[in-house]
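Colleague: In order, the protein sequences belong to chains P and Y. All residue numbers for the first sequence refer to the numbering used here, where the first residue is 1 and numbers rise by one. All residue numbers for the second sequence refer to the numbering used here, where the first residue is 1 and numbers rise by one.
Hints are computed from structural coordinates only; laboratory data are not their basis. Yeah, the Cβ is synthetic: ideal placement off N, Cα and C, and Gly gets one too. There could be a bad hint or two in this list.
Interface residues of chain P toward chain Y, partial, derived using beta-carbon atoms under 7 angstroms [stated by the list, open to error]:
1. D108
2. L114
3. A115
4. F188
5. P430
6. N431
7. A442
8. T445
9. G446
Residues from chain P that keep clear of chain Y, each with C-beta distances beyond 12 angstroms, as calculated [what the hints assert, rightly or not]:
10. Q57
11. A75
12. R76
13. L107
14. L110
15. D113
16. R159
17. R165
18. E168
19. G190
20. E260
21. A321
22. G326
23. Q386
24. A418
25. A448
Okay, here's what each chain looks like letter by letter:
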Amino acid sequence: MKKALLVIFIVAIAMFAITACANDPAPTPAGTPAPVSTPAPTPAPVETPPPVAYDWQLNDGNPATITFEWWGGDARHEAINNAVAIFMDRYPHITVNTIYGAFGGYLDRLTMDLAAGTEADVLQSNFAWVHALGDGYNVFANHNTLPYLDLTEWSDDLRAFTTTRDGELSGVPHGITGRVVIYNTEMFPGGFPATWDELIEVGAEIAANNTAVDGGNNRYAFFPVGYQSWDIILMTMILNEYNVNLQAGGQILPSVDQVEAAFEMMGRAIDAGALPTFVQQEAPLDTTNPVWMQGRAGGLFEWVGNIFLAAGNFGDNDPSARQVEGVGVALLPTMSAGTSANSMQRPSLVHAVTQGAVNRGVDHIAAYFLNFIYTDPEALLAIGDQFGVPLARSAASVADSEGQVWGLMADGLELLVANTGDMCHLFEDPNLRPARAAAIEAFRTGGATAREAAERWVNEQQSYLNAMN
Amino acid sequence: MVKTAKVKGKKRIKLAPYMLLIPWFIGMALFRVYPIIASFINSLYQFQPIRGTREFIGFDNYTRILFDFPHFWDSVRATLTYVLLGTPLVLIMAFFVAFILNFKLKGVNLFRTAYYIPSILGGNVAVAIVWSQVFGGNGPVNAVLSIFGVDPISWIQDEFFAPFTLIFLSAWQFGSVMLIFLAALQNVSPTLYEAASIDGAKKTRQLFSITLPLVTPVLLFNTVNVLLRHFQEFNSAYLITMRGPNRATDFLVILIYEYAFRRMQFGFALAMSMMLLLIIGILTLIVFITSKYWVHYSD
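Go ahead and model the full structure; you've got the sequences and the hints to work with.
Modeller: Listed below in structure tokens is the structure:
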């Protein structure tokens, strides 16, 4: 099951496409549905990794120092530091300095470092930043030309559709992720509702006893936390119902009418009590929200990589263990019955050698180090599943043999594989996302009608796209 | 012996004081004047240091802010609400507590320390979490209000109440302002009160006719300091209300930060910084100009 799943995952992810919002298709006017096309699958080889070409005299045996920066939690920090220690044991003349911390503030620090020219030589990046920072910014090295980096670890399609910009490869993707519904099986013993109408109906029954305007001990059929959840929910509703992605060729594709319909459906769910109002949804906006932890929510909407975290915080489950009970995984409901339910997916993480490393003349060492953490068996064992489920061939092979994908995680990945939808590379752009967030917040707080929110959603993003082009 | 220099053979200037001031002038020039001038110059450019490009666009960034960027005015409104309500509240709270703690009370030092502690904590993450809980839907503030039959208020998620929640937090951290007031109050000569008592002035009259006029120089100092501090408030809005709801707490410094370090529009962010400098300058000027009518210097 595990191995089969991973093979399917890798092959299916090779089909991963962001062609619907790629950089240079012919512009499509807003309101004209564009097909979410999928290129022909190109199966990536998954067996027999090539022998790693170790260079024991890396940098001609001369001492050198590089810096590696990432974000994550304590477990990831410990794992990666162990992998770094293995590298430095192997190559004692090379020093790898590490910078790590939480995700919050990572981008801010990164942009400051980039502005000052003090960025790390190898860094972990978000998918969107590769495009937002990289496009014309001269931030990342062209990985197609870096020595030592074995690009056959990643399928051609995967590289082409994730981290390639204008023919240059700006980094390598670690895996693919998407959000899924993690639901309370006690509240939904027959599975999570397949359509929003069903969810609203069940939600109204559940919420019949909700009396607290500010939340109180209310129960909800669905409790997405954080504005990113609401953002992706709205876009997924549009994607599934109208088969349009965010943009193509600098044009926002969903029409105001389409976005308004999605807002109206969202509003109906809020009015029925299936979703919380803005006031009812209190911090903390993560999997430690008491509504979810106390079993008062029918479901959360979380990244598949956070499945164990979300499930571990539910009810009596142990957050540190992976034996979880009372939770299942599902896709978001659709607006119409019979419509295919897709999950918007994107690379979970990207690792990249920076242009700074090139400028400092250590790009060959940085590339060697990057290749090391993706291919060295000892390093891969040290890292374990701390970056999530990998797609690179050697890493996937180790993840498979170590049984890193199982249980709820495997269920979630299966859903992603079976229901591939693509997240536009501009979806998380730091200019577009706040525009959508403001429109959604205005709607949820009653500051805008569905129509007004939809107009803001479309027009503000379009004006940013116009400015960018 | 102080070295002097002869100017035009007439007057001798003492050099030593100027020499001693040089380090301060260098610091001021390097870390205050130069950044302001450089910021203004760069605000005239489409300036993206990551890309390494600087394209001169004149005052385009400023015209965009003034005529084509309503978000800026939302932030100005949010910032001014916070500053104009928060500054007097902090000053009143600080003066009131300092006034009480100026009496010879039992255990007064303990109270002084207790009131100062919130200022030490500052606007950090831990305080933000505590404040979120205190003002949460099921938090102690609503619990107390419910005793009086008041329905729960959404202090953080409601557009009207959210700014006040942050203003309360700033007012809670009045300790350092209070200490300065306390020092000023202790400098008021007791003989003035004795004389006023003999003349039949009651405590209220003494407060308004003796105490307040004598501490107005310190009040001016505190007003300007608190005003500036409120204009620069970042943490509470960023951590507690997350700039919302509907930009009700989206203060200017956060907006500037966002455009510089998230959207990478450095020139535009610098232009907004210059606008903020102008707003602060105007308000501070108003305070100083009006001070001649309400500040009384004893000498």
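Colleague: None of the hints should be skipped; say for each whether it holds.
Modeller: We went through each hint and held it up to the structure:
{"no.": "1", "hint": "D108", "verdict": "5 angstroms, holds"}
{"no.": "2", "hint": "L114", "verdict": "5 angstroms, holds"}
{"no.": "3", "hint": "A115", "verdict": "4 angstroms, holds"}
{"no.": "4", "hint": "F188", "verdict": "26 angstroms, violated"}
{"no.": "5", "hint": "P430", "verdict": "5 angstroms, holds"}
{"no.": "6", "hint": "N431", "verdict": "5 angstroms, holds"}
{"no.": "7", "hint": "A442", "verdict": "6 angstroms, holds"}
{"no.": "8", "hint": "T445", "verdict": "5 angstroms, holds"}
{"no.": "9", "hint": "G446", "verdict": "9 angstroms, violated"}
{"no.": "10", "hint": "Q57", "verdict": "35 angstroms, holds"}
{"no.": "11", "hint": "A75", "verdict": "21 angstroms, holds"}
{"no.": "12", "hint": "R76", "verdict": "20 angstroms, holds"}
{"no.": "13", "hint": "L107", "verdict": "6 angstroms, violated"}
{"no.": "14", "hint": "L110", "verdict": "9 angstroms, violated"}
{"no.": "15", "hint": "D113", "verdict": "10 angstroms, violated"}
{"no.": "16", "hint": "R159", "verdict": "24 angstroms, holds"}
{"no.": "17", "hint": "R165", "verdict": "14 angstroms, holds"}
{"no.": "18", "hint": "E168", "verdict": "15 angstroms, holds"}
{"no.": "19", "hint": "G190", "verdict": "32 angstroms, holds"}
{"no.": "20", "hint": "E260", "verdict": "19 angstroms, holds"}
{"no.": "21", "hint": "A321", "verdict": "26 angstroms, holds"}
{"no.": "22", "hint": "G326", "verdict": "24 angstroms, holds"}
{"no.": "23", "hint": "Q386", "verdict": "24 angstroms, holds"}
{"no.": "24", "hint": "A418", "verdict": "35 angstroms, holds"}
{"no.": "25", "hint": "A448", "verdict": "9 angstroms, violated"}
Figure legend: structure checked against the earlier numbered hints; hints not met, in rising order: 4, 9, 13, 14, 15 and 25.
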